[in-house]
Amino acid sequence: MSCDGFVVLPDVATPAALWDALPWASPRVVPHASGRPWLVGRWPAGQVVLAGAGPVRVGVIGVGPVTPTRLSELAARVRSVSDVDSLVAALPGSWHVVVSIHGQVRLQGGMTGLRRVFCTRVHGVDVASDRADLLAAMARSGVDEEALAVRLVCGRQLPPPLNERPVWSGISAVPADHCLVWERDRARQLRWWSPPAARQPFEQGVVAVREVLTTAMDKRVPA
Numbered sequence: 746m747s748c749d750g751f752v753v754l755p756d757v758a759t760p761a762a763l764w765d766a767l768p769w770a771s772p773r774v775v776p777h778a779s780g781r782p783w784l785v786g787r788w789p790a791g792q793v794v795l796a797g798a799g800p801v802r803v804g805v806i807g808v809g810p811v812t813p814t815r816l817s818e819l820a821a822r823v824r825s826v827s828d829v830d831s832l833v834a835a836l837p838g839s840w841h842v843v844v845s846i847h848g849q850v851r852l853q854g855g856m857t858g859l860r861r862v863f864c865t866r867v868h869g870v871d872v873a874s875d876r877a878d879l880l881a882a883m884a885r886s887g888v889d890e891e892a893l894a895v896r897l898v899c900g901r902q903l904p905p906p907l908n909e910r911p912v913w914s915g916i917s918a919v920p921a922d923h924c925l926v927w928e929r930d931r932a933r934q935l936r937w938w939s940p941p942a943a944r945q946p947f948e949q950g951v952v953a954v955r956e957v958l959t960t961a962m963d964k965r966v967p968a
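Each residue of the sequence shown is one higher than the last, beginning at 746 in the numbering used here.
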């Protein structure tokens, strides 16, 4: 498999069999502060922004006006995985966000569901990716015939949460309002977003949303 995508690994000794299961012959590899592999995959130039501050490593994958300098400033404020909430709130654009600190790892996509996260267990280690098919290749997962049948019957009209279910057995989709947090080789899902209470009139909210979208699209080419 030679497609673009990434896999996130916890800060543990990686079994040779897991490394051999990666779907790229010569992937890019970004290490944890410990030196162990953390972010592995293939991606176009400029799609990943990385920064570090002491034991903290932060990577954002996607599109938006975020520079390494700005990301370093945000990384310097992170003391634990719970601080990632504030970091995410300060990032304009559309991103996957992955943070490694003191042996813990946190990964999440965007609230809209555009940046999805999938996870499974491969050779005794919980791993995650932005693509379910990459994990299925690593875990040698078969097709989930029930999930496939539902998609064939309903087509594009498949309602949530059925439309979020992967078509490979053993691959889990992380809800958009949840993140993955690793403690050693085990990952668990935690809710990171809830609808905020209304604090301002609709007209002011429209202006605020417009400003956020304009900032997120800043410096994007016409295409």
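Among the clues, some could well be false.
[As the list claims (entries may be wrong)] Pairwise CB distance ranges, derived in the manner of DEER restraints: (1) 897 <-> 858: 20 to 26 Å; (2) 800 <-> 773: 20 to 26 Å; (3) 824 <-> 894: 45 to 51 Å; (4) 920 <-> 896: 14 to 20 Å; (5) 849 <-> 947: 23 to 29 Å; (6) 962 <-> 765: 36 to 42 Å; (7) 800 <-> 903: 38 to 44 Å; (8) 958 <-> 830: 37 to 43 Å.
Worth flagging that the hints you see were computed from the coordinates, not collected in a lab.
Where is the CB? At the ideal position from N, CA and C, for every residue including glycine.
Here's how the hints hold up against the structure:
no.: 1; hint: 897 <-> 858: 20 to 26 Å; result: holds, 22 Å
no.: 2; hint: 800 <-> 773: 20 to 26 Å; result: holds, 22 Å
no.: 3; hint: 824 <-> 894: 45 to 51 Å; result: holds, 47 Å
no.: 4; hint: 920 <-> 896: 14 to 20 Å; result: holds, 19 Å
no.: 5; hint: 849 <-> 947: 23 to 29 Å; result: violated, 40 Å
no.: 6; hint: 962 <-> 765: 36 to 42 Å; result: holds, 41 Å
no.: 7; hint: 800 <-> 903: 38 to 44 Å; result: holds, 43 Å
no.: 8; hint: 958 <-> 830: 37 to 43 Å; result: violated, 21 Å
Comparing the model with each earlier hint shows violations of hints 5 and 8; every other hint is respected.
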